[in-house]
Amino acid sequence: MTELPFISPKNTIAFFGLFHTLVASMSIGTAFVVTVSQIVGYRSGIRFYDQFAKRSQLFHVCIYNVGTINAIGLVFALSGLYPQFWEQLFTHFFWALMVEELLFLLLATTLTFHYFFWDKLWGHKKLHIFLGAILTPLFILQMYMINAIGGFMLTPGITEAGSVTQFLGTLGHDTRVLYNPSFLMLQLHRTFANFSYAGFLLAGWCGFNILRKNTDPIRKRYYELSGRLAFYTGFASFLIMPIIGYFYAWVLKYHAEESFWNLMLGAGDVIKGGIDLWWAKHVFVTLMLGMALVFYKRQDKTTRPFSLPAFMVYSVAAFYFVFYLAMGLVMTWRFFWWMLFVASISGVIGWLLLKLTKESGKLVFVVMAIASFMTVFLGGYAREAARPRFVNRISHYDYIYAESEQQANTFTTQGDPKTIVDSPTDTEFEIRVAASSADGAGTASALGPLEKRYLPVAYQPYGFSIVTQLLSDTRRIGYAQEH
Amino acid sequence: MAKRNEKVKEKKIRPLEFEDLANEFSGVVEYPLRDSKEDPLWAVNTVRLWTGIVLSLVVAITALLVLGAIYD
Amino acid sequence: MNNLPVIPTPLFPRYIWMEEVTYSHIPIATLITAFMVLAPIIEYVGYRKKDMRYDRFARSLIWFSMILFSPGAALGTGIPMIIIGLYPEFWARWAGLFFGPLLLQFVFFLIEVVFLFFLYYLVWDRWQGKKKKLHMWMGVCAATTGLVIQFVWDGVGAYMTTPNGVALPGALESTIWNAKAFFNPSLWPLFTHRFFGNISYTMLLTGGVFAMKYMRAKDPKEHEYFKFSSDLAFSIGFISFFAMPFVGWWFAKVYQAEAPVAYNAIMGGHTATYFNIKLISIAFFVTVGSMYTFIRHREKKILLYILSGLLGTLWIVLTMHPDFHWLPGGVVVWRITYTIVIGGFIAFLWYLRSTKEWSYSQNKKGWPRIMLVAGLAAFLAFFMGGNARERARQPHSVYGQLAKPEVQDYETARFLVYDKCLPDGRTVRELKEMDFAEMADEEILGELCDSDDLTEGQATLVVQALRGGRL
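Residue numbers (my numbering), protein chains in the order written: chain U, 1 to 483; chain R, 1 to 72; chain V, 1 to 471.
All clues stand as given, with none of them false.
Per the computed footprint, the stretches of chain U lying under chain R, defined by three or more beta-carbons under 8 Å from a beta-carbon of chain R, are:
| no. | segment |
| --- | --- |
| 1 | 134-140 |
| 2 | 175-182 |
Far from chain R by the CB rule (all over 12 Å, computed), these chain U residues:
| no. | residue |
| --- | --- |
| 3 | K10 |
| 4 | N11 |
| 5 | F15 |
| 6 | A161 |
| 7 | I271 |
| 8 | I275 |
| 9 | A280 |
| 10 | V283 |
| 11 | F335 |
| 12 | F336 |
| 13 | K358 |
Calculated from the structure, these hints are not laboratory results. Beta carbons are placed, not taken as given, at the ideal position from N, Cα and C, and that holds for glycine.
Required output: the full structure, derived from the provided sequences and hints.
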């Protein structure tokens, strides 16, 4: 099988996957921060929030394309390195991915209109803000699809060997695997993680601009305010994370036990270069928590762009404490003490940085941006590394499929080209259509030569298949009239 | 906040903490809402049409997902 | 063979969906590539002439490319997704053969985004002064990367019709790089054809759009600018077209040698209609473009002489081509006829030049509209060209190696007829005109077709196709 000369297949996929996730997550979160910033600017009447939103959206336009390109690199890498796995997965999630492609197009076009028509729609500001606001639910829907796939790889939700066949129901779609056990937790986790990540990253960019020597004082003041807005948006999303994380861990414990213990005990690829990357991720999380809490506490109430009730913030901080306590129970007490230490030290460092900069957030923003980036990087890596390893490029859950559909059997012969060309009345397609039929008899037999080529399997009124059933009669007529 | 909203409707400057600098650096603070008729009609109609398309598709996709969750 | 189900699609057959998703991306990609190639050149011209109109024009090309880039990229991701799902065996084997080039595309795309977005578009104003030359070089880098990307896609795409004797590997036998497969015979003609074709159709269309803006502009400065830019764009598009007949000839020769079935499909076979529509569109915009140039630039004699010469090259192509059999009287009548038509048209253009008829400034509403229609005709020619090329190879996904899963009997039969029953010189048209009702099967197979290695089933199909006329 193929592999690149300088990097192993799984590290190749790790590179593309992480590169894509880091950029795409930033994209998703930036759309949310832009909307918040526009609304705050509109309600307060301060133009600079709108300008900050516009610059962030320009940044978004640029990185959206980078994220798209990374996704394509990932698709090509998987096609070449894990062809059997990829074809099986693709066949299973084809329609979900088609909906996702449609959403990509809607997102790209909405984003383009939102940025490039910014100055043309000043008289219709609410419409413009609404256009930008649509991006967030579109992104959430798009993540819905890809998280279903990612979640399925971690928690297939099916344990009985040979119980899954892709020849039944709607071909190219299976609701059981779409709504797998960890899909919702991954969706929630990634949604708020993306908002948090982008918020902190944009705040870090503002902090960097304040630190630059050639920024004039009035601009520094605006970057300070915009940075705080982005920071608070990120911080608000960050507060929700431990609650989601707790339930995510709960799901993993019962539906992906091996992955759960790989994370908790540090096994397999979770350890890289002697470092437990799960621990490393939590070092950055607690660093962020300690520093953010101190920043929150020290800011004057009037400078906050929107209110975050102190009671809520400190309750969540307490929940974080309990969360790490629970993790200490499961993992090792050293973990709990180390995290407490890091949070405390980072709080002290945050306090010192604020004193140093005379309560300006510039240095805190930059540190938080770096920590946030590392959290997303390490978190994504740890999730994938915790999963049981592929063996001979075949996934750990492959046994759930019917034998002929398992990855080892996906491609039986290497395809003698001549046989495909030379046997028109006995094509692979006909064989597979007959085999695809639910009753095995081949519903093709009742129809003429033209129709049987495209006959789908016997449909039942399922979600996606309602549409295809409604359309199938039209389709048959269309085929009869073809040529 | 209600006071602020009124002032926004009147399209006046809303300085926050740097009133002494706002006049000197005008154009940076004001929120230049303008009459809706000044916007190019083709751009407004394009955005309206596109928003309608997107919302319809979002509703359709969400409906499919819900139906799938219930019936599949 | 792939043991996974073949996914059917609603409303239309699978290949229609695959085709539509692909074609949704291609116009955007070709437009961006062409615009990126032209922008630094036009910027340079403006820099040397110290004429900011050229700079504005170049900038508007890049601005429009930026607007289209995100939707274009999103649509581009749809192509592998739909092919992987609907044609898994083809994808697994083909992407396995070209694993290296596909991964390199990822690198090239990233480089393109960096140059186009960050080093060319975003710094346009800031780098107007001392860094203008550097700015133009950044544009050249962006354009070069765009062309490299196109080159790679052309290599992997051209393989599908001219595999150059390289068999598709098995799905598990992917290779990093196969030079013979990548540098296949139709790569260079396809790349050259697309290079000039993209510039031609995009500039003709842009010229038409700008002409409409010229017609509607109320501000005198805008009016003047769009008059200038529409002329510049339309002229570039029109002049660059004249490479196409020769490149197309080269392309056809390669197909004739390496993929004769595809060649015959286009030349009178089942794809001929699409090709003919393309030629009619070309005839239209060449007519409009010639008249426009002679009227708009009647003072520029050298340009008009050059254009007359370029129109004369069409005569050369027609002379190299066999008789179309449109007219009775054989090849001599045909040659005389087209000589009179082309020569007469050139004479008519010189006559137009000498009169005040259809002056550009007096027909401010007429010319912009006709220019836009010419631009749309050029777009149609581009669309039909790609359509013809892909259909000509049907029902094969890779010529001579892999048929699409939903291949039908008549498609297989047609392929066999084109492959076995059209020796040098015979055309599909001639086959269609033959009467097979009186001929026995053995006679058909023995005398008309090279039937030595046909199986019984194949022979039956060939005879049925010839008798039934579904060619």
